[in-house]
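*Asks:* Okay, here's what each chain looks like letter by letter:
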Amino acid sequence: AQKVTQAQTEISVVEKEDVTLDCVYETRDTTYYLFWYKQPPSGELVFLIRRNSFDEQNEISGRYSWNFQKSTSSFNFTITASQVVDSAVYFCALRIYSKLTFGTGTRLQVTL
Amino acid sequence: GAVVSQHPSWVICKSGTSVKIECRSLDFQATTMFWYRQFPKQSLMLMATSNEGSKATYEQGVEKDKFLINHASLTLSTLTVTSAHPEDSSFYICSARPTRYNEQFFGPGTRLTVL
Chain A
1 AQKVTQAQTE
11 ISVVEKEDVT
21 LDCVYETRDT
31 TYYLFWYKQP
41 PSGELVFLIR
51 RNSFDEQNEI
61 SGRYSWNFQK
71 STSSFNFTIT
81 ASQVVDSAVY
91 FCALRIYSKL
101 TFGTGTRLQV
111 TL
Chain B
1001 GAVVSQHPSW
1011 VICKSGTSVK
1021 IECRSLDFQA
1031 TTMFWYRQFP
1041 KQSLMLMATS
1051 NEGSKATYEQ
1061 GVEKDKFLIN
1071 HASLTLSTLT
1081 VTSAHPEDSS
1091 FYICSARPTR
1101 YNEQFFGPGT
1111 RLTVL
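Residue numbers (this note's numbering), protein chains in the order written: chain A, 1 to 112; chain B, 1001 to 1115.
No wet-lab data here; the hints were simulated from the structure.
Note that the coordinates shown come from a computational prediction; the quantities given were computed from them, not determined experimentally.
Cβ coordinates follow ideal geometry from the N, Cα and C atoms, glycine included.
Do not rely on the hints blindly, as some may be mistaken.
A short, non-exhaustive set of chain A residues, derived as facing chain B with CB atoms under 10 Å [unchecked claim]: (1) Lys16; (2) Phe47; (3) Leu48; (4) Arg51; (5) Phe91; (6) Ala93; (7) Tyr97; (8) Thr101.
Partner residues are not named here, just some residues of chain A that face chain B (Cβ under 10 Å, in silico) [stated by the list, open to error]: (9) Arg28; (10) Thr30; (11) Phe54; (12) Asn58; (13) Gly62; (14) Trp66; (15) Phe68; (16) Lys70; (17) Ile79; (18) Val84; (19) Thr104.
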């Protein structure tokens, strides 16, 4: 069975601070995909990134960066110079075949 | 591209009534659609997987007679909450997977409140 753990329930930072959201996953499959989604108050999921299990390259997209480490089964997400608009719930998810398993989410609050 | 819509975006109903939620893939055909439920401040939980033209596959603990899913065409799946009760109040989100492409695209969600 697969499992995704986001140990941080809520994080509060002041604007311009860097923040890292942790994600640890469990699976016995060797082929899988990892995702990060943003869920603003409107509720609609916003896709941020997808990474397959064979690609451990870290990725940077603007202020966002992701660190994938198979050795520790982690897929962490860092926001650099956070902004108020980053306030949302962030979900990490694991997909094996078609089944997508979500973590419990981390609520990020960025204040001025 | 890859837009998924849901209708209605929110609904309030009385206890005991049935509510139908539609999920449409607007610019692609989806052989498979997924229904998720999200309680306040909780994660998304997969309820069922529906395949066009066949019966839906429900996750453990989800009552198939209560949550009726119909995937009648390659662009439309419906979820009917029968005899709704206040504990069914939740945010229901669908996703659609394009034919021959293993990726899910999410709808905007439907907020159901049962009084």
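*Asks:* For a quick check of understanding: which of the numbered hints are violated here, in increasing order?
*Replies:* Numbers 1, 3, 4, 9, 10, 11, 12, 13, 14, 15, 16, 17, 18 - these are the hints that the structure violates, sorted from lowest upward.
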